[in-house]
Amino acid sequence: MKEHAVLEMKNISKTFPGVRALQNVDFTLCEGEIHALMGENGAGKSTLIKVITGVYDKDNGEAYLAGHEGPVTVHSPQEAQKLGISTVYQEITLCPNLSVAENMFIGRGSGAGLNWKKMNADTNRILQSLDIPAKANQQLGSCSLAVQQMIAIARAVDMECKVLILDEPTSSLDEQEVKKLFNLMRDLKNKGVGIIFVTHFLDQVYEVCDKITVLRDGKLVGEYEIKDLPRVQLVAKMLGKEMDDLSDIKGEQGTYTSDRSEVVYEAEGLQSNAGIRPFNFHINKGEVNGFTGLLGSGRSECVRAIFGADRVLHGKVKKNGKEVHIHKPIEAMKNGIAYLPEDRKRDGIIGDLSVRENIILALQNLKGFFKPFSKSQTYKFADEYIKLLDIKTASADTPIKSLSGGNQQKVIVARWLLANPDYLILDEPTRGIDVGTKVDIQKLVLQLAAEGKSVTFISSETDEMLRTCSRLIVMRDRQVVGELSGEDLTQNKIMSTIAGGEAKS
Amino acid sequence: MSPKAKKSFQISDLFRSQMMIPVIAILLLTIFNLIIGPSFFNIRLEENNLGNAVLSGNLITILDNGSELAILAIGMTLVTAASGGQDISVGATIAIAGSAILKILCGDNPHPETMQAPIILAFLVGILAAMACGAFNGILVAYFKIQPMVATLILFTAGRSIAAWINNNELPIIKDIEFSYFGGFIPGIAVPTPFLIAVVCVIVIFLVMKFTNLGLYTQSVGINENASKLIGLNPVTIKFMTFVILGVCVAVCGLIKVSRISSINYSVIAKDIEMDAILAVALGGNALSGGKFSMAASILGAYVIQYLTTTLYRMKVPADALPAYKAVVVILLVVLSAPTVREFFSKRSKKLKTTRRGVA
Numbered sequence: 003m004k005e006h007a008v009l010e011m012k013n014i015s016k017t018f019p020g021v022r023a024l025q026n027v028d029f030t031l032c033e034g035e036i037h038a039l040m041g042e043n044g045a046g047k048s049t050l051i052k053v054i055t056g057v058y059d060k061d062n063g064e065a066y067l068a069g070h071e072g073p074v075t076v077h078s079p080q081e082a083q084k085l086g087i088s089t090v091y092q093e094i095t096l097c098p099n100l101s102v103a104e105n106m107f108i109g110r111g112s113g114a115g116l117n118w119k120k121m122n123a124d125t126n127r128i129l130q131s132l133d134i135p136a137k138a139n140q141q142l143g144s145c146s147l148a149v150q151q152m153i154a155i156a157r158a159v160d161m162e163c164k165v166l167i168l169d170e171p172t173s174s175l176d177e178q179e180v181k182k183l184f185n186l187m188r189d190l191k192n193k194g195v196g197i198i199f200v201t202h203f204l205d206q207v208y209e210v211c212d213k214i215t216v217l218r219d220g221k222l223v224g225e226y227e228i229k230d231l232p233r234v235q236l237v238a239k240m241l242g243k244e245m246d247d248l249s250d251i252k253g254e255q256g257t258y259t260s261d262r263s264e265v266v267y268e269a270e271g272l273q274s275n276a277g278i279r280p281f282n283f284h285i286n287k288g289e290v291n292g293f294t295g296l297l298g299s300g301r302s303e304c305v306r307a308i309f310g311a312d313r314v315l316h317g318k319v320k321k322n323g324k325e326v327h328i329h330k331p332i333e334a335m336k337n338g339i340a341y342l343p344e345d346r347k348r349d350g351i352i353g354d355l356s357v358r359e360n361i362i363l364a365l366q367n368l369k370g371f372f373k374p375f376s377k378s379q380t381y382k383f384a385d386e387y388i389k390l391l392d393i394k395t396a397s398a399d400t401p402i403k404s405l406s407g408g409n410q411q412k413v414i415v416a417r418w419l420l421a422n423p424d425y426l427i428l429d430e431p432t433r434g435i436d437v438g439t440k441v442d443i444q445k446l447v448l449q450l451a452a453e454g455k456s457v458t459f460i461s462s463e464t465d466e467m468l469r470t471c472s473r474l475i476v477m478r479d480r481q482v483v484g485e486l487s488g489e490d491l492t493q494n495k496i497m498s499t500i501a502g503g504e505a506k507s
Numbered sequence: 038m039s040p041k042a043k044k045s046f047q048i049s050d051l052f053r054s055q056m057m058i059p060v061i062a063i064l065l066l067t068i069f070n071l072i073i074g075p076s077f078f079n080i081r082l083e084e085n086n087l088g089n090a091v092l093s094g095n096l097i098t099i100l101d102n103g104s105e106l107a108i109l110a111i112g113m114t115l116v117t118a119a120s121g122g123q124d125i126s127v128g129a130t131i132a133i134a135g136s137a138i139l140k141i142l143c144g145d146n147p148h149p150e151t152m153q154a155p156i157i158l159a160f161l162v163g164i165l166a167a168m169a170c171g172a173f174n175g176i177l178v179a180y181f182k183i184q185p186m187v188a189t190l191i192l193f194t195a196g197r198s199i200a201a202w203i204n205n206n207e208l209p210i211i212k213d214i215e216f217s218y219f220g221g222f223i224p225g226i227a228v229p230t231p232f233l234i235a236v237v238c239v240i241v242i243f244l245v246m247k248f249t250n251l252g253l254y255t256q257s258v259g260i261n262e263n264a265s266k267l268i269g270l271n272p273v274t275i276k277f278m279t280f281v282i283l284g285v286c287v288a289v290c291g292l293i294k295v296s297r298i299s300s301i302n303y304s305v306i307a308k309d310i311e312m313d314a315i316l317a318v319a320l321g322g323n324a325l326s327g328g329k330f331s332m333a334a335s336i337l338g339a340y341v342i343q344y345l346t347t348t349l350y351r352m353k354v355p356a357d358a359l360p361a362y363k364a365v366v367v368i369l370l371v372v373l374s375a376p377t378v379r380e381f382f383s384k385r386s387k388k389l390k391t392t393r394r395g396v397a
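In the order they appear, the protein sequences are chains G and E. Using the working numbering, the first residue of the first sequence is number 3, and each one after it goes up by one. Using the working numbering, the first residue of the second sequence is number 38, and each one after it goes up by one.
Derived from the structure by calculation, the hints contain no laboratory data. Some hints could be false.
[Stated by the list, open to error] Looking from chain E toward chain G, a few residues come up when the C-beta cut is under 7 Å (computed):
#1 THR249
#2 ASN263
#3 LEU267
#4 GLY269
#5 GLY328
#6 LYS329
Glycine included, each C-beta is placed from N, C-alpha and C at the ideal position.
Just need the whole structure built from these sequences, with the hints factored in.
Right, here's the structure in full:
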């Protein structure tokens with residue numbers, strides 16, 4: 003084992019039916035370093051992590067841990083925890099129906115005796131020290147997604163780990179929370195903890211990490227010091243090609259502007275029971291606009307109201323100039339509106355059903371209960387979109403839950419494209435997916451707009467919004483506070499509008 | 038045809054398939070019975086007390102007595118898939134449906150010389166009664182979001198009293214021989230009618246699944262209700278519908294049950310059948326927490342239970358001790374069907390094949 007290394011993986015291989023997820027991958031983590039693990043969707047990052055933590059058995063290869071002679075075999079996450087390897091996964095894996103304290107201590111029990119008082123006190127102390135706005139006896143499900151994520155991290159941190167694995171921990175956190183998390187990570191690093199950090203945000207990698215390991219198609223591309231690897235090269239290594247696609251996209255923006263003045267959708271005083279103030283909204287043919295604002299500002303609630311996903315209380319809605327009644331998703335769909343929800347796992351995928359069934363569901367439902375597509379027709383649809391969107395799946399009959407996050411998202415996109423709407427709402431379609439797919443989706447959005455479809459695009463990454471949208475609706479505290487277009491579309495202007503511009507802190 | 042179907046059948050597919058447990062159970066029971074004595078499988082053509090030539094033998098008994106369970110398994114599978122829970126009131130609602138059918142046939146006099154109404158009318162009233170019970174359960178589960186087992190506990194408790202109340206707690210008896218055809222034999226047909234009815238029900242449900250989206254929608258709702266809502270499905274309607282369909286199945290069972298004895302015993306009719314129906318679904322490898330299902334496996338599961346019961350009777354197991362023996366076999370089967378065990382066998386069979394190939 004190398005000096006200072008806390009974890010060394012050698013020649014790791016892992017095969018799933020139809021997929022070689024990892025092939026002879028080496029990985030070394032030293033103490034007191036933050037090590038970014040980068041790669042596209044399906045590159046093998048999650049698999050590598052699951053091998054390290056004992057969720058999967060490796061087919062080949064050896065693992066070494068500091069303080070243990072010879073190769074170590076980890077059979078289960080519990081064993082990994084005992085060995086000092088703690089993990090916070092991309093999707094929150096805590097139990098929403100238990101209290102915060104119970105979640106902090108679950109699965110770490112040392113015997114049957116439980117000291118509730120001490121557990122709660124300890125939890126409150128940890129929460130306070132990390133500035134997490136939650137209470138020990140609060141039910142976890144009642145916390146926001148971001149707070150739940152932070153509690154998951156707090157839980158991992160509290161287990162006195164030597165290796166901390168953070169798998170996309172920041173995807174649901176806002177900027178402030180990310181800063182707090184980074185401070186925490188630096189603290190831990192100074193204490194000698196080795197941190198493996200998986201993220202899709204390049205900025206974050208360059209902000210906190212010391213080293214980068216890049217994977218591609220289950221193979222190791224290389225390990226680099228952060229200072230030796232400029233961003234462009236990192237992206238190139240991840241994709242396996244030189245790429246200037248990101249800058250290309252900016253150039254395309256001029257091709258569509260709001261000179262097409264045909265209004266496709268218009269809402270006046272729309273309000274749902276999700277706690278947003280009534281708002282006015284319209285979108286033109288071939289336009290891409292977006293809702294922006296901090297986490298919890300009501301972006302998603304607005305588009306859910308448009309789609310009828312929450313209970314609509316008031317509002318006049320016009321589609322193509324005609325007044326329509328949209329109180330249920332099916333009514334929105336019949337009016338040519340599609341909605342890709344923010345939380346893919348909870349609201350998007352039907353996990354046990356196949357890729358094929360997931361793709362056809364929306365169109366099938368539009369067609370009607372008594373008119374099922376023939377099996378061969380559904381295969382035709384599925385194969386067409388698997389090819390069109392380059393969905394990486396073993397077959398059309400593979401359950402969607404066994405696909406990687408980005409490919410699941412593509413399936414949901416395919417579902418709505420197949421339904422052929424003229425107005426698409428994409429709520430965080432690029433969350434937790436790799437750079438390549440992100441670019442694909444952004445390009446797709448612009449292409450759809452060029453074909454005359456209207457798109458409302460929501461993203462936590464302002465960059466992405468600026469690249470794709472020609473008009474931004476800014477939200478703060480559950481109401482629309484401004485609208486930006488043309489020259490006003492700059493980072494600074496958005497920030498100041500979100501912040502309120504005035505002396506408000 | 039799908040491209041998948043063209044692929045040759047492989048043993049490892051069977052181990053992964055839901056059909057494995059019921060198929061293996063049938064094979065095991067058959068081998069066991071062959072060892073004990075192959076006379077078990079004898080089928081004879083005999084004259085019954087009405088002078089008709091009918092088939093008899095253990096296999097016929099299985100097909101005959103397993104019918105109610107198979108019909109119930111259809112509805113129970115759908116309810117399980119959509120709502121992730123089970124209806125435990127089916128035994129009691131069979132009593133209600135049966136009682137309603139007898140009430141219409143008897144009119145005011147509990148022991149009429151002739152039937153007071155056409156059987157078809159009585160059957161329709163039975164269907165309405167059972168569908169109303171299903172709708173009641175369905176509303177509680179789908180709309181009020183009460184756990185299925187708790188919601189159906191109400192009719193489970195009250196059902197048999199309601200059934201008795203329908204006929205003023207009297208025991209109606211139908212003397213007309215025509216009514217006994219549904220639970221016995223139709224003159225000139227040697228196959229027991231309940232089995233024929235079950236076959237019709239199975240054909241109907243497979244046609245429905247082929248020509249509607251019932252299967253896709255119930256699975257979708259059972260797997261992810263939130264996502265289903267956002268593709269325009271209405272989980273409330275779909276769950277409600279599955280309970281009503283189960284109601285229809287219950288009515289058919291009710292007709293067969295009361296026809297078998299041309300009367301009804303409120304506290305005994307279809308006793309504990311709900312547990313066997315749930316067991317049939319489980320034996321079919323379907324997750325009782327809902328989601329994906331295989332209808333064929335559930336129906337086969339129902340006949341496995343009857344096969345097991347008949348085998349135990351053959352071994353002269355007293356009726357009182359039957360449940361205990363049954364439990365042992367069921368535990369074995371359910372453990373076999375656990376995903377971990379199935380995966381193990383699937384891996385084994387693959388390895389076996391590769392080594393064989395290596396030798397060749």
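Verification of the supplied hints:
1. THR249: THR249 of chain E check passes; min Cβ-Cβ to chain G is 5 Å, inside 7 Å.
2. ASN263: holds, 5 Å
3. LEU267: holds, 6 Å
4. GLY269: Result: holds, 4 Å to nearest chain G Cβ.
5. GLY328: holds, 5 Å
6. LYS329: With a closest approach of 5 Å, the LYS329 of chain E hint holds.
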